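Order-wise, the sequence lines are chains C and Z. Count along the first sequence starting at 1, add 10, and that's the number in the numbering used here. At position 325 of the second sequence the residue is numbered 317 (the numbering used here), and the sequence of numbers has no breaks.
Source of the hints: derived by calculation from the structure; they are not laboratory data. All values reported here derive from a predicted model rather than from experimental measurement. Any given hint could turn out to be false.
To be verified - Okay, the calculated beta carbon distance ranges per label pair: (1) Z/GLU264 <-> C/PRO109: 39 to 45 Å; (2) Z/LEU460 <-> C/THR138: 37 to 43 Å; (3) C/LYS141 <-> Z/ALA399: 56 to 62 Å; (4) Z/TYR492 <-> C/THR138: 51 to 57 Å; (5) C/LYS141 <-> Z/SER382: 44 to 50 Å; (6) Z/GLU264 <-> C/VAL166: 52 to 58 Å; (7) C/PRO109 <-> Z/PRO302: 51 to 57 Å; (8) Z/GLY305 <-> C/THR66: 38 to 44 Å; (9) Z/SER382 <-> C/PRO109: 32 to 38 Å; (10) C/SER65 <-> Z/ALA173: 34 to 40 Å; (11) Z/ASN32 <-> C/ALA174: 50 to 56 Å; (12) Z/ALA331 <-> C/THR138: 23 to 29 Å; (13) C/ARG147 <-> Z/THR304: 38 to 44 Å.
From the three backbone atoms N, C-alpha and C, an ideal C-beta is built for every residue, glycine too.
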Amino acid sequence: MKKDIILCGVGGQGILSIATIIGEAATKAGLYLKQAEVHGMSQRGGDVQSNLRLSTEPIWSDLIAEAGADLIISMEPMESMRYLAYLNKEGRIVTSSKPFVNIPNYPDEESLQKELDTLPSIKLDIETVAKDCGNPRGANMVLLGMAAPIISILSVENLREAIATVFARKGEQIVEANLKAFDAGVQANQ
Amino acid sequence: MKKLLLGDEAIALGAINAGLSGVYAYPGTPSTEITEYIQNHPLAKERGIHSRWCTNEKTAMEAALGMSYAGKRALVCMKHVGMNVCADAFINSAITGVKGGLIVLAADDPSMHSSQNEQDSRFYAKFALVPCLEPSNQQEAYDMMAYGFDLSEKLGEPIVLRVVTRLAHSRAAVEVTEPKAEKTLSPSTDQWVLLPGIARKKYVKLIEKQDAMKQASAESPYNKVETTAAKTGILACGIAYNYVKESLGNDANLVKISQYPLPEEKIKALAEKCDELLVIEDGQPVVEELVRGLLGAGYPVKGRLTGDLPRTGELTPDNVAKALGKANGAVFAPAKNMAARPPQLCQGCGHRDVYTALNQVLAEYPDHRVFGDIGCYTLGALPPFQSLSSCVDMGASITMAKGAADAGLFPAVAIIGDSTFTHSGMTGLLDAVNDKANITVVISDNLTTGMTGGQDSAGTNKYEAICLGLGVEPEHVRVVVPLPKNMPEITRVIREEIEYKGVSVIIPRRECIQTFARHARAKKQ
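The whole structure should be built from the sequences, with the hints applied where relevant.
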């Protein structure tokens, strides 16, 4: 079994933390993993993405091929559509519904949301959900929670454990806050 | 033990565990994380392995060569264009030879994710007549450090280790070995004095070593052969091997090339079995050209030069699959509601205030030009500022402004960051002072090397002293604080210094907001 995931968003939105947690969970579950990241110039408010490949068999390429991704997880609705060429026929998009507008020519929001609805996507205002569970900085954990039930090569419980491990050094309070945000995301996708 | 490591981290840990005594580097994407990993590694700290950032790649290369002379293992790391900066020292290190193992790590950036060109460092290895290692994955990157140091000491020559962005910045599990001891101090007793009479003899020695280098490639465990009955043979260099395996699995008919000079016999044997060869390599068509020479004009060799693969840009699973006749193609059409989102200067960044002020003043001078340099502030070329006319290489802002001023252009303004100034701007400023060039130099000082993530900047707290020492007149070295509230003062200073007929330096100084936030967080904890 394999799962090819594209994580995307705008530089600074915290997609690498999501990648770290999935990576930790995959390592613990004994899966093969390759994760290509973007560092450097692109991180400054530009579009960013990470290719995450999980498999029970050895993986060759660090990059996902066109029509290869099972899942696109995005912190931003327009960004979730930037990588459509990479989505496979049965692929799904899990995205934040709230635009991050830092360019003058951002598309019309209504037509953007409509187009997103024509795609195999689920979306949620993750920032509001994160605020509602008292963790305004945990929007990325809400998003991971939304995606968790369909990552399938890892269980929801695998991911919860990984959150606990990754945030352990920041203290129990931070772990609890992030788990709460994650659980809210899982709930929203049920 | 297995560890999940970035390609860069695998190189760093491989070097530490191979008995490294010093890493010498200037930050540059995608090589920066190697040195950072060594700086933070407990064993490196315990052993006192040298890991402080250098002023530029040339000082790094020379210091590493000095450590090798003293008998210890040294690593010098840079992005591909850093090879241009250290080329004098690097090429000559092949003539002197080495004592302790010396690995020159060049991180190439095909597709220019964060660079101004896609030059291929394998050319440099060939130019200097030394071996080059090109790992295909994170495990090989780790293993090749010990292998490379051994090979370097055996041949008495530096080894180039070439990686590309997709390996440097991708994570995978790596089997990690036990650390070896460092080498003891044992300075070379050979003379490394490259006077013509000695250099000629040493150059002959280097030529004589070429057979041993070819032999090492022929026997290398990293140059593998996989055969089937297919009529097209594939030469898969470095990470190209992964893309080929992704498409063909075990049906690949290939020579995997991860050590140079080329394993010629393996290539000839594959060519003989097949009707044609397809060369797949990330970067420039280095091997494709060499193989044409090796096999002669009559033998069909395909690759980037024949259009079977794109002439520019990095390899991808898609363009390799297409060359192999296996491409899938997209299922979904591109989104209609889409816009480019280029990188931009952070909100609250001091460079923004510098450009706001510059644009305001320079609007009064229709013939002005601003010569830019390499760093975050290169983004001043993009909207909303669109201030820059050039950005070529580290330090070129000052010297290009000088050349343009020599030609009569006014006002000629240079903008350069603090770290770039000490890297390669100081010598140009001396030229300008000696010529009394009519230029205005802005050293936008954010107290760090910002673009690569906030590494120490070599000249912090020394900029006024450096400028004065180089002969800039004290009344024309001006320091301002780039904040919106100071706009009247900043614009006044810029106007005054443009009007001064000679070299002036303006230093807008305010800490990078990223490092400022990091320092504030660290204080809280």
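Cross-check of the supplied hints:
1. Between Z/GLU264 and C/PRO109 the CB atoms are about 60 Å apart, so this pair departs from the stated range of 39 to 45 Å.
2. Hint check: Z/LEU460 to C/THR138, Cβ distance near 56 Å, so the stated range 37 to 43 Å is violated.
3. A C-beta distance of roughly 59 Å is found between C/LYS141 and Z/ALA399, which places it inside the suggested range of 56 to 62 Å.
4. For the pair Z/TYR492 and C/THR138, the beta carbons lie near 55 Å from each other, so the given range of 51 to 57 Å is met.
5. With their beta carbons about 46 Å apart, C/LYS141 and Z/SER382 fall inside the hinted range of 44 to 50 Å.
6. Remark: the range hint 52 to 58 Å for Z/GLU264 to C/VAL166 is upheld by a beta-carbon distance near 56 Å.
7. The supplied range of 51 to 57 Å is broken by C/PRO109 and Z/PRO302, whose beta-carbon atoms lie about 33 Å from each other.
8. A C-beta distance of roughly 32 Å is found between Z/GLY305 and C/THR66, which places it outside the suggested range of 38 to 44 Å.
9. Between Z/SER382 and C/PRO109 the C-beta distance comes to about 35 Å, which sits within the given range of 32 to 38 Å.
10. Checked against the hint of 34 to 40 Å, the pair C/SER65 and Z/ALA173 passes, with Cβ atoms roughly 38 Å apart.
11. In this structure, Z/ASN32 and C/ALA174 break the distance hint of 50 to 56 Å, their C-beta atoms being roughly 24 Å apart.
12. Between Z/ALA331 and C/THR138 the beta carbons are some 24 Å apart, a value that agrees with the proposed interval 23 to 29 Å.
13. At roughly 41 Å, the beta-carbon separation of C/ARG147 and Z/THR304 lies within the given 38 to 44 Å, and the hint holds.
Violation of the numbered hints given earlier is confined to hints 1, 2, 7, 8 and 11; the remaining hints are satisfied by the structure.
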